[in-house]
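For reference, the chains in residue letters:
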Amino acid sequence: MYVDWPCPSRAGNIGEEMALAFDRKRDKRLLVLPALFDEANKMRRLTVEVMRRLNMSGIDCFLPDLPGCNESLAALESQTLEGWRAAATAAADHFAATHLLTIRAGALLAPDGLPGWRLAPTSGRQVLRAMLRSRTIAAKEAGRDETMEQLSEAGRTMGVELAGWPLGAALFAGLEQAAVPESPMLTTVEQSDLGGGVLWLRAEPDEDPDQADALAAIIAVALLGDGH
Amino acid sequence: MTGLAPSRNEVDAKLRQILCDVLGLDPSDVADFDGDTGLFGHLPELDSMAVAGLLTEMEDRLDIIIEDDDVDGEMLETFGGLLAFAEAKVIEG
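Protein sequences, first through last, are from chains A and B.
So for the first sequence, the numbering used here puts the first residue at 78; every next one is plus one.
So for the second sequence, the numbering used here puts the first residue at -5; every next one is plus one.
Don't take each hint at face value.
Okay, the calculated bits of chain B under chain A, using three or more residues with CB under 8 Å as the criterion [stated by the list, open to error]:
hint : region
1    : 3 to 17
2    : 80 to 86
Listed below are the simulated SDA-like cross-link pairs for lysine to any residue, each with C-alpha atoms no more than 20 Å apart in a straight line [what the hints assert, rightly or not]:
hint : chain 1 : residue 1 : chain 2 : residue 2
3    : B       : K83       : A       : M225
4    : B       : K8        : A       : S269
5    : A       : K105      : B       : G75
6    : A       : K217      : B       : G35
7    : A       : K217      : B       : D63
8    : B       : K8        : A       : R279
9    : A       : K217      : B       : E71
10   : A       : K102      : A       : H171
11   : B       : K83       : B       : E61
12   : A       : K217      : B       : M69
13   : A       : K217      : B       : K8
14   : A       : K217      : B       : D66
15   : B       : K8        : A       : D270
16   : A       : K217      : B       : E61
17   : B       : K83       : A       : Q203
18   : A       : K217      : B       : D62
19   : B       : K8        : A       : G274
20   : A       : K217      : B       : E68
21   : A       : K217      : B       : G75
22   : A       : K105      : B       : E39
23   : A       : K102      : A       : V80
24   : B       : K8        : A       : V275
25   : A       : K102      : B       : E68
26   : A       : K217      : A       : A240
27   : A       : K217      : B       : E39
Calculated from the structure, these hints are not laboratory results.
Fair warning: this is a prediction, and the values are worked out from it, not measured in the lab.
Using N, Cα and C, we set each Cβ at its ideal position, and we do this for glycine too.
For reference, chain A alone in the conformation it holds in the complex (with noise of 0.2 Å):
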């Protein structure tokens, strides 16, 4: 279930990085790139619910921690987009990955030349624009007056942590910038394909196997339903 695999680091070294894998050398083996920040703990459930669904209809799938993320020993704070997108490949290729899934800000890290789904892409200014406008909040309710225009140019200079989560300058850039990529061969998901509630906008993590069926059953039924 949980192995590790060669991670390509900032350094120019492989470290080591855990993923939660199904793998019973299938043919079909799905790459998984979650969610960041407050949002992949929110959809961590729902995505760990669609991988246990498709690995009874005969899908590999391998979600991997990307650096500085879950359960890597990594920082945070010295990670960058280029590093996650080079981590991505990576895990596509140490395991031999034949499809790719996304869920919301992970599609800006998807390898080029995998075809599959991305669930509810996100441009990197929206992700960071929820979590600049919590600290604001955070910081107004205790009597500080901070704006998002400038904790965004101590993020750019010098990195800023929001809610809770260290992002250094390099991140926080990159994430400006970062619109979701043109993908043809990337069939987007939204929300209103799955029916219910948006579970990475609820206060608390969630889950909901009714959207984890409908999300599953488009990639089970795109995968398999071709002759498998």
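Following the hints, put chain B in place on chain A, whose structure we already have.
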């Protein structure tokens, strides 16, 4: 709802949907919200991270920009206050 301009109905409906999504509330409960229904400080789900998600989602779905200075206790206190704010922003935008 007679007497409201269509755009006003639309903002109202979108705002209720966003609240359903953010708070995970039953749509029939949110349909019963009126102008005096309390939000921030009344609903335990609505902490500062959830408020941030709420405002960012409003920007996305209503195609508006919400500035730092726009955010105050009054606009978030009741459904009526939030709706009036959203309508003003939509007209302004």
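To see whether the hints hold, each was checked on the structure:
| no. | hint | result |
| --- | --- | --- |
| 1 | 3 to 17 | holds (count 4) |
| 2 | 80 to 86 | violated (count 0) |
| 3 | B:K83 to A:M225 | holds, 19 Å |
| 4 | B:K8 to A:S269 | holds, 14 Å |
| 5 | A:K105 to B:G75 | violated, 51 Å |
| 6 | A:K217 to B:G35 | holds, 14 Å |
| 7 | A:K217 to B:D63 | holds, 11 Å |
| 8 | B:K8 to A:R279 | holds, 17 Å |
| 9 | A:K217 to B:E71 | holds, 15 Å |
| 10 | A:K102 to A:H171 | holds, 13 Å |
| 11 | B:K83 to B:E61 | holds, 11 Å |
| 12 | A:K217 to B:M69 | holds, 14 Å |
| 13 | A:K217 to B:K8 | violated, 27 Å |
| 14 | A:K217 to B:D66 | holds, 9 Å |
| 15 | B:K8 to A:D270 | holds, 17 Å |
| 16 | A:K217 to B:E61 | holds, 14 Å |
| 17 | B:K83 to A:Q203 | holds, 19 Å |
| 18 | A:K217 to B:D62 | holds, 10 Å |
| 19 | B:K8 to A:G274 | holds, 13 Å |
| 20 | A:K217 to B:E68 | holds, 14 Å |
| 21 | A:K217 to B:G75 | holds, 19 Å |
| 22 | A:K105 to B:E39 | violated, 40 Å |
| 23 | A:K102 to A:V80 | holds, 14 Å |
| 24 | B:K8 to A:V275 | holds, 14 Å |
| 25 | A:K102 to B:E68 | violated, 58 Å |
| 26 | A:K217 to A:A240 | holds, 14 Å |
| 27 | A:K217 to B:E39 | holds, 19 Å |
Comparing the model with each numbered hint stated earlier shows that hints 2, 5, 13, 22 and 25 do not hold.
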